[in-house]
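Chemist: Spelled out from the first residue to the last, the chains are:
Protein chains: 2
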Amino acid sequence: MMKPNEIERLSFQMIDGEAGVHDFPPDQWQVVRRVIHTSADFEWQGMIRLHPEAIASGVAAIRSGCAIITDTNMARVGIRQRDLTRFGGAVACYMADERVAETAAREGITRAKAAVDVALPALAGGIYVVGNAPTALLRLIEHMEAGRVRPALVVGLPVGFVNAAESKALLLGCDVPHITNVGRKGGSNVAAAVVNALIVMAGEKD
Amino acid sequence: MMKPNEIERLSFQMIDGEAGVHDFPPDQWQVVRRVIHTSADFEWQGMIRLHPEAIASGVAAIRSGCAIITDTNMARVGIRQRDLTRFGGAVACYMADERVAETAAREGITRAKAAVDVALPALAGGIYVVGNAPTALLRLIEHMEAGRVRPALVVGLPVGFVNAAESKALLLGCDVPHITNVGRKGGSNVAAAVVNALIVMAGEKD
Chain A
1280 MMKPNEIERL SFQMIDGEAG VHDFPPDQWQ VVRRVIHTSA DFEWQGMIRL HPEAIASGVA
1340 AIRSGCAIIT DTNMARVGIR QRDLTRFGGA VACYMADERV AETAAREGIT RAKAAVDVAL
1400 PALAGGIYVV GNAPTALLRL IEHMEAGRVR PALVVGLPVG FVNAAESKAL LLGCDVPHIT
1460 NVGRKGGSNV AAAVVNALIV MAGEKD
Chain B
1280 MMKPNEIERL SFQMIDGEAG VHDFPPDQWQ VVRRVIHTSA DFEWQGMIRL HPEAIASGVA
1340 AIRSGCAIIT DTNMARVGIR QRDLTRFGGA VACYMADERV AETAAREGIT RAKAAVDVAL
1400 PALAGGIYVV GNAPTALLRL IEHMEAGRVR PALVVGLPVG FVNAAESKAL LLGCDVPHIT
1460 NVGRKGGSNV AAAVVNALIV MAGEKD
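Line by line, the protein sequences are chains A and B. Okay, so the first sequence: first residue is 1280 according to my numbering, each after it adds one. Okay, so the second sequence: first residue is 1280 according to my numbering, each after it adds one.
For the record, the hints were derived by calculation from the structure and aren't laboratory data. A quick note: this is a predicted structure, and the numbers were derived from the prediction, not measured. Glycine included, each C-beta is placed from N, C-alpha and C at the ideal position. Don't take each hint at face value.
As the list claims (entries may be wrong) - Computed spacing ranges between beta-carbons, pair by pair:
hint : chain 1 : residue 1 : chain 2 : residue 2 : range
1    : B       : S1343     : A       : D1362     : 32 to 42 Å
2    : A       : V1461     : B       : E1285     : 23 to 33 Å
3    : A       : R1359     : B       : Q1360     : 44 to 54 Å
4    : A       : K1484     : B       : A1375     : 47 to 57 Å
5    : A       : A1448     : B       : E1285     : 39 to 49 Å
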């Protein structure tokens, strides 16, 4: 029986082989390859979009012990908290925070939106991870465009049929470092995989 | 702004429209549609495999308040625990259980395997959900074939390049009710979506 790290190494070799020739520089490929590993979906090669500063900014933020805030608990538990601890960082999801329920009720907005509002103070220089809710990403874009927050990185990978593709198209136009994709696909699993690739890179020597 | 339940209803309408003509009976379609909703991937229409007794057995087990045991914390938090509570059921993942670490160390096996062994007593008449680890599914199949356990349903959707497709091909040959797929795709998100579809059905009138 192979050990988990052997299985991962063999999987990465298979992905390298099947992916064929591509234009991703080595650091970007580490992210794309892990997304393909998590999804078994080579379409990601064609649809992922990485802002030119995304990886440098995300890795530096992780090394500085930044906050990583997710829109879902699935993304939160999918991120390797144990490997973050050495940098002093932590992952949080505010969806079950009582301030979110209060804000949502008071302002008549969804919890997904209210969770972004509550996260804002923690988010300067941090990483915001959207794996599910287009409304969370749209709210964050509103705040960024109004100059109220500038995260080190936005991982914007909501999935679905209503507003997911549209919200990601808006993120593509933002000058804040981001990793996103075109189209409907996405999800908490791939969003967590992106962050985990950056955490692995943060632990490697330059 | 649409409310979350309106977004879900509209998404389901879009999926119904784009899926076109298919052979799934209405109860199976509820599962397949939710998987497509979660993944935005219509390939699931062609690759999902539902044992003829899977839905009836899974829904009856949920109504009886059965244990739902997952191989990952991502699948655990993706399952709608709140909607299960009314039936008396609960979701558990044993990966962080200290008995699993002990069993793995004592027997020289992976934690994924040890987690299946530790779960066995709770699993008779329950639902086992694999979203990530082929080794967990292979271990469960060993126990089922040896007659040591018979779950009400196995949701076997490990993802990946090493042993995922092979483990699911073995599950397809088992006479225990199962929901699985052919090929490499899978994941904790789709595994949770399958269970959530069954939880919704369990809450509906017959």
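Chemist: Indicate, hint by hint, whether the structure satisfies it.
Modeler: Hints versus structure:
| no. | hint | result |
| --- | --- | --- |
| 1 | B:S1343 x A:D1362: 32 to 42 Å | holds (40 Å) |
| 2 | A:V1461 x B:E1285: 23 to 33 Å | holds (25 Å) |
| 3 | A:R1359 x B:Q1360: 44 to 54 Å | violated (23 Å) |
| 4 | A:K1484 x B:A1375: 47 to 57 Å | violated (30 Å) |
| 5 | A:A1448 x B:E1285: 39 to 49 Å | violated (22 Å) |
Going down the numbered hints, you'll see the structure goes against 3, 4 and 5, while the others check out.
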